[in-house]
Amino acid sequence: MPFSLLKYGLSSEYPAEVDLPAPKELKDSYDVVIIGGGGHGLATAYYLAKYHGVTNVAVLEKAYLGGGNTARNTAVIRSNYLTSEGVRFYTESVKLFKALSNEFDFNIMYSERGQLTLAHTDATVRAFRQRAEVNKHFGGRTEMIDRQQIRELVPTLNLDPGHLPVLAGLWHIDGATARHDAVAWGYAKQAAKRGVEIHQLTEVQDFVVEHGRVTAVKTNRGTVKCGCAVQAIAGYSSLLMNKLGIRAPIHSYPLQAMVTQPFKPFLDPLVSSSALHCYVQQTGRGEVVIGGGSDPYPLYNTRSTLELKEGLLAHAIEMFPFLANAKLMRQWAGITDMTPDYSPIMGLSPLENYYLDAGWGTWGFKATPICGKTMAELVASGGKVPELIRPFALERFSRFRQVNEMGATAASH
Amino acid sequence: MKIMPCPLNGPRNISEFTYGGELKQMPDPQACSDDEWADYVFNCDNHAGVVTEWWLHNASSYWFLAERHTVSDEIIRTFDPKELFDRRVDFAQPAARQEVVA
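Going down the list, the sequences are from chains A and B. Counting from 947, one number per residue, gives the positions in the first sequence under this note's numbering. Counting from 3, one number per residue, gives the positions in the second sequence under this note's numbering.
Bear in mind the hints are in silico, worked out from the structure with no lab data behind them. Remember, it's a predicted structure, so these values are computed and weren't measured experimentally. Do not rely on the hints blindly, as some may be mistaken.
Claimed, not checked - Coverage of chain B stretches by chain A, computed from C-beta distances (three or more under 8 Å per stretch; other residues unrestricted):
1. 17-28
2. 33-40
3. 46-59
4. 73-80
Said to hold, decoys possible - Within a straight-line C-alpha distance of at most 20 Å, the following computed EDC-like cross-link-like pairs (lysine to aspartate or glutamate) qualify:
5. Lys996/A / Glu1038/A
6. Lys1255/A / Asp75/B
7. Lys1171/A / Asp1152/A
8. Lys4/B / Glu1253/A
9. Lys1135/A / Asp965/A
10. Lys1189/A / Glu1149/A
11. Lys1210/A / Glu1233/A
12. Lys1139/A / Asp1127/A
13. Lys1255/A / Glu18/B
14. Lys1139/A / Asp977/A
15. Lys1041/A / Glu1058/A
16. Lys1189/A / Asp41/B
17. Lys1171/A / Glu971/A
18. Lys26/B / Glu69/B
19. Lys1189/A / Glu24/B
20. Lys4/B / Glu1256/A
21. Lys996/A / Glu1323/A
22. Lys1330/A / Glu1298/A
23. Lys1189/A / Asp47/B
Where a beta carbon is used, it is the ideal one built from N, C-alpha and C, also for glycine.
Extracted from the complex, chain A is given alone in its bound form (with noise of 0.2 Å):
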């Protein structure tokens, strides 16, 4: 990196970059067609590239690269999970997440505040014990707190909220926050580098089936043949999986965010309380980021509720009074494929030649590496899937086989 930085300082005109190759038509036949272009299907698509040599890649994206969830999402970062499968997994992930903006020579804007979860019940204490002990066993940095140290940590909290009083804090260490369109772009980037072709407004419709194989995807921009088909398209996974007929346990929820005006920068740590289903965090530009629960129902819809808005601020407000002064700038909403153990699907489907990444909820964007390294292995293997996400297989379902992480996951990010 420092050479090429003196080159570029001391070339007579500045090397002008190309962030990514001008579109093409696409071509009659891939070795592996990647449905949906977030931060997901452009990671597998550069670790395939990398690792394993695959090259002959389309990443399908139906609007622009990392336009969906990959841009909704609160870029939390953590890996204080629950179940010893998620840890572990998660736990990879944070260790690659650390690495990116190297890997890219491209800045993701990694920034480790650390996370901190707050209990308001003896149950929450006795759950965080657990998880304290679980993320330490698998090499991640967490500790349970008291009050003073909380105090001590974000000295703006409110320790008493109404009929909620503070009891511990779960203190994660390698929480941390990134850019997210940053990591689409670092991956899209480095993928197309090395060959992958990333087609833009092309949707994928519908699917050639012969045999229990996808052969073909059919898009709006005509038929490609497929030697394998990975679908990564998050909170709209059902409409796919539907085409195929693979049938699973997703509700697409939407998942309401928001962001006030920039402050000083008074508040390091992400803070989020699981009772007053809440999470607060200040972004690098001075903005509190707010964020919650899903919507009460499901829907395919992105728009804002007052009623959910009203219930998330009162208690964004109950956690740093101050801000009940604060002007909103944004709000958003994206769509959530939830699952009822609150983790993911991936792995293989009940066709031979079709991957399934997807019931990514609310916590998709933290998994965003290793999912992709994963996800390329299981491809390049043909379909051996890699000891990491065999928990996580749509087949846990009939097996009786959840891993349960709601407790972990619901509206504490």
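Fit chain B to the known structure of chain A by using the hints.
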């Protein structure tokens, strides 16, 4: 405020209601396979379009059915379950399970 027209209580704020899942056909628990039962318990269509689903009015504990468009969020029709469930179902006494010899 979004209004849900409840067949029993009339138009009420949707925050008074709880979503209860898609209307599904229950397989015979005695006769179906484990896979069929798991499919019934977990899987859903999750269609983008008009779906029929269960809703509960919390305060009156009244369950009813609604036809709702899951893209526009338009509630097309709500109705009492007796429109579909018009006969009494007597569940047979499950046969005593045989001891599995390990």
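Results of checking the hints against the structure:
{"no.": "1", "hint": "17-28", "verdict": "holds (count 3)"}
{"no.": "2", "hint": "33-40", "verdict": "holds (count 3)"}
{"no.": "3", "hint": "46-59", "verdict": "holds (count 5)"}
{"no.": "4", "hint": "73-80", "verdict": "holds (count 3)"}
{"no.": "5", "hint": "Lys996/A / Glu1038/A", "verdict": "holds (18 Å)"}
{"no.": "6", "hint": "Lys1255/A / Asp75/B", "verdict": "holds (18 Å)"}
{"no.": "7", "hint": "Lys1171/A / Asp1152/A", "verdict": "holds (12 Å)"}
{"no.": "8", "hint": "Lys4/B / Glu1253/A", "verdict": "holds (9 Å)"}
{"no.": "9", "hint": "Lys1135/A / Asp965/A", "verdict": "holds (6 Å)"}
{"no.": "10", "hint": "Lys1189/A / Glu1149/A", "verdict": "holds (14 Å)"}
{"no.": "11", "hint": "Lys1210/A / Glu1233/A", "verdict": "holds (9 Å)"}
{"no.": "12", "hint": "Lys1139/A / Asp1127/A", "verdict": "holds (18 Å)"}
{"no.": "13", "hint": "Lys1255/A / Glu18/B", "verdict": "holds (17 Å)"}
{"no.": "14", "hint": "Lys1139/A / Asp977/A", "verdict": "holds (18 Å)"}
{"no.": "15", "hint": "Lys1041/A / Glu1058/A", "verdict": "holds (12 Å)"}
{"no.": "16", "hint": "Lys1189/A / Asp41/B", "verdict": "holds (17 Å)"}
{"no.": "17", "hint": "Lys1171/A / Glu971/A", "verdict": "holds (14 Å)"}
{"no.": "18", "hint": "Lys26/B / Glu69/B", "verdict": "holds (13 Å)"}
{"no.": "19", "hint": "Lys1189/A / Glu24/B", "verdict": "holds (19 Å)"}
{"no.": "20", "hint": "Lys4/B / Glu1256/A", "verdict": "holds (14 Å)"}
{"no.": "21", "hint": "Lys996/A / Glu1323/A", "verdict": "holds (11 Å)"}
{"no.": "22", "hint": "Lys1330/A / Glu1298/A", "verdict": "holds (11 Å)"}
{"no.": "23", "hint": "Lys1189/A / Asp47/B", "verdict": "holds (11 Å)"}
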